[in-house]
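K.L.:
Residues per chain, in single letters:
There are 2 protein chains.
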Amino acid sequence: MKVGICGFGTVGSGTLKVLARNQKDIAARAGGPIVVTRIASRTPPADDVDLNGASFSVDVQSVIQAPDVDVVVETIGGTTIAREVILGAIAAGKHVVTANKALIAEHGAEIFEAAEQAGVTVAYEAAVAGGIPVIKAMREGLVANRIEWLAGIINGTGNFILTEMGEKNRDFEDVLKEAQALGYAEADPTFDVEGIDAAHKLTILASTAFGVPLQFSGAYTEGISQITVQDMAYAQELGYQIKHLGIARRLDNGFELRVHPTLVPESHLIASVNGVMNAVLVNGDAVGQTLYYGAGAGSEATASAVIADLVDIARTARQDARSGVPHLGFASEHLSEEPVVPIEDIQSAYYLRMLAEDRPGVLARVATLLSEHGINIESIMQKESELADGRIPLIMLTHTVREADLNHAVAAIEKLPEICGHVFRIRVEHF
Amino acid sequence: MKVGICGFGTVGSGTLKVLARNQKDIAARAGGPIVVTRIASRTPPADDVDLNGASFSVDVQSVIQAPDVDVVVETIGGTTIAREVILGAIAAGKHVVTANKALIAEHGAEIFEAAEQAGVTVAYEAAVAGGIPVIKAMREGLVANRIEWLAGIINGTGNFILTEMGEKNRDFEDVLKEAQALGYAEADPTFDVEGIDAAHKLTILASTAFGVPLQFSGAYTEGISQITVQDMAYAQELGYQIKHLGIARRLDNGFELRVHPTLVPESHLIASVNGVMNAVLVNGDAVGQTLYYGAGAGSEATASAVIADLVDIARTARQDARSGVPHLGFASEHLSEEPVVPIEDIQSAYYLRMLAEDRPGVLARVATLLSEHGINIESIMQKESELADGRIPLIMLTHTVREADLNHAVAAIEKLPEICGHVFRIRVEHF
Chain A
0 MKVGICGFGT VGSGTLKVLA RNQKDIAARA GGPIVVTRIA SRTPPADDVD
50 LNGASFSVDV QSVIQAPDVD VVVETIGGTT IAREVILGAI AAGKHVVTAN
100 KALIAEHGAE IFEAAEQAGV TVAYEAAVAG GIPVIKAMRE GLVANRIEWL
150 AGIINGTGNF ILTEMGEKNR DFEDVLKEAQ ALGYAEADPT FDVEGIDAAH
200 KLTILASTAF GVPLQFSGAY TEGISQITVQ DMAYAQELGY QIKHLGIARR
250 LDNGFELRVH PTLVPESHLI ASVNGVMNAV LVNGDAVGQT LYYGAGAGSE
300 ATASAVIADL VDIARTARQD ARSGVPHLGF ASEHLSEEPV VPIEDIQSAY
350 YLRMLAEDRP GVLARVATLL SEHGINIESI MQKESELADG RIPLIMLTHT
400 VREADLNHAV AAIEKLPEIC GHVFRIRVEH F
Chain B
0 MKVGICGFGT VGSGTLKVLA RNQKDIAARA GGPIVVTRIA SRTPPADDVD
50 LNGASFSVDV QSVIQAPDVD VVVETIGGTT IAREVILGAI AAGKHVVTAN
100 KALIAEHGAE IFEAAEQAGV TVAYEAAVAG GIPVIKAMRE GLVANRIEWL
150 AGIINGTGNF ILTEMGEKNR DFEDVLKEAQ ALGYAEADPT FDVEGIDAAH
200 KLTILASTAF GVPLQFSGAY TEGISQITVQ DMAYAQELGY QIKHLGIARR
250 LDNGFELRVH PTLVPESHLI ASVNGVMNAV LVNGDAVGQT LYYGAGAGSE
300 ATASAVIADL VDIARTARQD ARSGVPHLGF ASEHLSEEPV VPIEDIQSAY
350 YLRMLAEDRP GVLARVATLL SEHGINIESI MQKESELADG RIPLIMLTHT
400 VREADLNHAV AAIEKLPEIC GHVFRIRVEH F
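For the record, the sequence lines run as chains A and B.
Counting along the first sequence from 1, when you hit position 228 you're at 227 in numbering that gives the first Met the number 0, and nothing is skipped either side.
Counting along the second sequence from 1, when you hit position 350 you're at 349 in numbering that gives the first Met the number 0, and nothing is skipped either side.
Just chain A, with the same shape it has in the complex (with noise of 0.2 angstroms):
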């Protein structure tokens, strides 16, 4: 099989060098030599780096339209000129590879509508959580599962620093400037600490999970840049690690789709996932929990899900390629089209943090408010204050609640005169 690789960067580099090292064996495993006979890209490589016999080009036509390319594997990024090469790729009949999480979620119900139409495979293990194969786990390994839930710890940079921010007691902006310059987070750490990227990741996650389109521009996101060294004490205090998680879940009416910080109890497995590594819990209603865990980012563990996309097409390409996996799991004529929930109708219970004058009778008027709004309080902490103002933090963890009549209660205690500022929430799991 030849494959032609567009763009030339991490996941791309890493692509030629993974299959010219292990050949022998990814022969022996797909039934076939798979070789790179082109590449494509706008800068060209420095002159040391061995293209491995690929001829180089900075045209991305000379690749997606060669009779000598079977497979483009698309690794340029972004949605503008990636959407183009892909769709270019499709119309010349060739299979394509991706690792672009932004274009499938934005944009893969035109891409798969034309593979379909073409007769062609898109395959995008590598969009999601990187090496870690639970694409493959969702579309094919848990096919006998009606899905209930998933989430994921599925960006590494937030992960990175929460853990940095829980294990050594240092602020936000601190871990952020140390991720930069360790490559982890971009200049512009948008993306990643305010919860597009694992938005984006878990689109697809969920169209594979519950058979339903893609639907990006319903999720919400809520970033980990608020969170404070406190917030992580206190909820170890109460027995809980928090995490930035991206969450779906069937109900009733449609299905959840959120990203932001949670408590998760420190028992569970995915607290103990630390560092830049990503893992995603899935629930099945026949399999139970199942967690996937591995390295979400990463030149060769990117191009490790890339060649399993390859070697599944080298293995499937004597077939009909409607006849094998659908795209998102699901047959696309079979796609439910429930919605996604609003934010406001999800359950959740919540960690609120607030700050308050010391005196008598403060915590009663809050916990008479919750009250009100129907909400219960699980348990209570009042810290010791440390500022000079007097004023004391309190920590409360409620029970499970609808979050429209969180809101309601959090504007009324907002007004209360003894509650200083803003009270803050962060949403709690438990798995």
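Any given hint could turn out to be false.
Copies of one chain are not kept apart here, so a pair can be met inside one copy or by any two copies together.
Derived SDA-like pairs (lysine to any residue); straight-line CA-CA distance at most 20 angstroms [to be verified]:
no., residue 1, residue 2
1, K23, R145
2, K176, I391
3, K414, A403
4, K176, E371
5, K167, E265
6, K382, G165
7, K167, E356
8, K23, D251
9, K23, R249
10, K16, D284
11, K23, E147
12, K167, E236
13, K23, N252
These aren't lab readings, by the way, just hints derived from the structure by calculation.
Fit chain B to the given chain A structure using the hints.
P.N.:
Same frame as chain A, but now just chain B:
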């Protein structure tokens, strides 16, 4: 696609139940309905069992020879009748799905060869780690990688016992009785607690990892019945948990295949896999460490894997079976002939526990003997005597050493007059 089930116990009945409950979603994923037409079992089902339209017989031939059966699901267990059923089904041109780890580990070569000659598929996801799609990860998801090693908690009974011992300070025998009462352990628990069941699964994992023939007879097994609550406590004091692991690792001269109690650092994710849950940790040269976690047994969890195999077969039904995924992930003509390395040749660190007379110089003499055999000590604990006779436990962690050298050192230590009885050892792995 029409399915016949042979053996209607826990797994067979779970398969029927999940196929019926989720039939709509499964059809949408498989590209068409999957229907159980026939069931055979030694004992007829109770009158109130809904067979969902399938016919029942006590004669397996009525299933494997039936024209209205495309795939035979074998959930009989054991290596005698099950082997005949599978070979008979293959001879009759049926695809086969099995949950039978013993059969695949011991007779897989014969079965796969028959299948390849007949042009049918034998799928066995359910044979390893229940509902966790780890065989799929090995055969498909990680194909880009040269797998360096893998380590698994692949026997839920053993993990339940060790977890209870470690968390609740309970003796092995005590927890074993509870496990038997709960139905986690058989009346004769040998297969589980002595590591034979884990060795079956490890044998299968190793072949899919390394592309070697199934070599169950070469596996080294050591059980958990000798582990004491003191060992659990000492290990925790040293920063470790004791887990019963199956480990397979490539070496220059072959590969390791061993099941034994193992100290693992408590900071590693696999140390947090508790109770009856299973997990497999796989290290590939491109992807690094990945981990797959979930229920390793149970009716519906195992059915989840059986049905995943059925859907794979349905999705590729229009295709020549030989062009799909090879049985062990590598094309059979490319399986390598590397041998299993004898346990004496493995390299490992060791936890050593011995009972010594409380006299000056004992520690020094033991340390000297270890040093003379080229063994370096990482840490030593000398515990207070807990026994009336004044003998004291000595606990040590060694650095990595060849097992044969450790054996010689241990033999020499056991000859010291101050050392009472045998030196107890547990291997240590830093993943």
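K.L.:
Now, for every hint given, state plainly whether the structure supports it.
P.N.:
Tested hints:
Taking the shortest alpha-carbon separations for K23 and R145, only the inter-copy value of 10 angstroms comes in at or below 20 angstroms, while the best intra-copy value is 39 angstroms. For the identical chains of this complex, K176 and I391 are neighbours neither inside a copy (30 angstroms) nor across copies (52 angstroms), given an alpha-carbon limit of 20 angstroms. Taking the closest pair of Cα atoms, K414 and A403 come within 20 angstroms of each other only inside a single copy of the chain (17 angstroms); across copies the shortest separation is 74 angstroms, beyond that limit. Proximity of K176 to E371 under the C-alpha cut-off of 20 angstroms is found in neither arrangement, the shortest distances being 44 angstroms within a copy and 50 angstroms between copies.
Both within a single protomer and between protomers do K167 and E265 lie at most 20 angstroms apart by alpha-carbon distance, with minima of 17 angstroms and 18 angstroms respectively. Only within a single protomer do K382 and G165 lie at most 20 angstroms apart by alpha-carbon distance; the minimum there is 18 angstroms, versus 34 angstroms between protomers. For the identical chains of this complex, K167 and E356 are neighbours neither inside a copy (30 angstroms) nor across copies (44 angstroms), given an alpha-carbon limit of 20 angstroms. In this assembly of identical chains, K23 and D251 lie within 20 angstroms of each other by CA distance solely across copies; the values are 17 angstroms between and 50 angstroms within a copy.
For the identical chains of this complex, K23 and R249 are inter-copy neighbours only, at 16 angstroms across copies versus 44 angstroms inside a copy, given an alpha-carbon limit of 20 angstroms. In this assembly of identical chains, K16 and D284 lie within 20 angstroms of each other by CA distance solely across copies; the values are 12 angstroms between and 40 angstroms within a copy. Taking the shortest alpha-carbon separations for K23 and E147, only the inter-copy value of 15 angstroms comes in at or below 20 angstroms, while the best intra-copy value is 41 angstroms. Taking the shortest alpha-carbon separations for K167 and E236, only the intra-copy value of 15 angstroms comes in at or below 20 angstroms, while the best inter-copy value is 22 angstroms.
Taking the shortest Cα distances, K23 and N252 sit within 20 angstroms of each other only across copies (19 angstroms), while inside one copy they are farther apart (51 angstroms).
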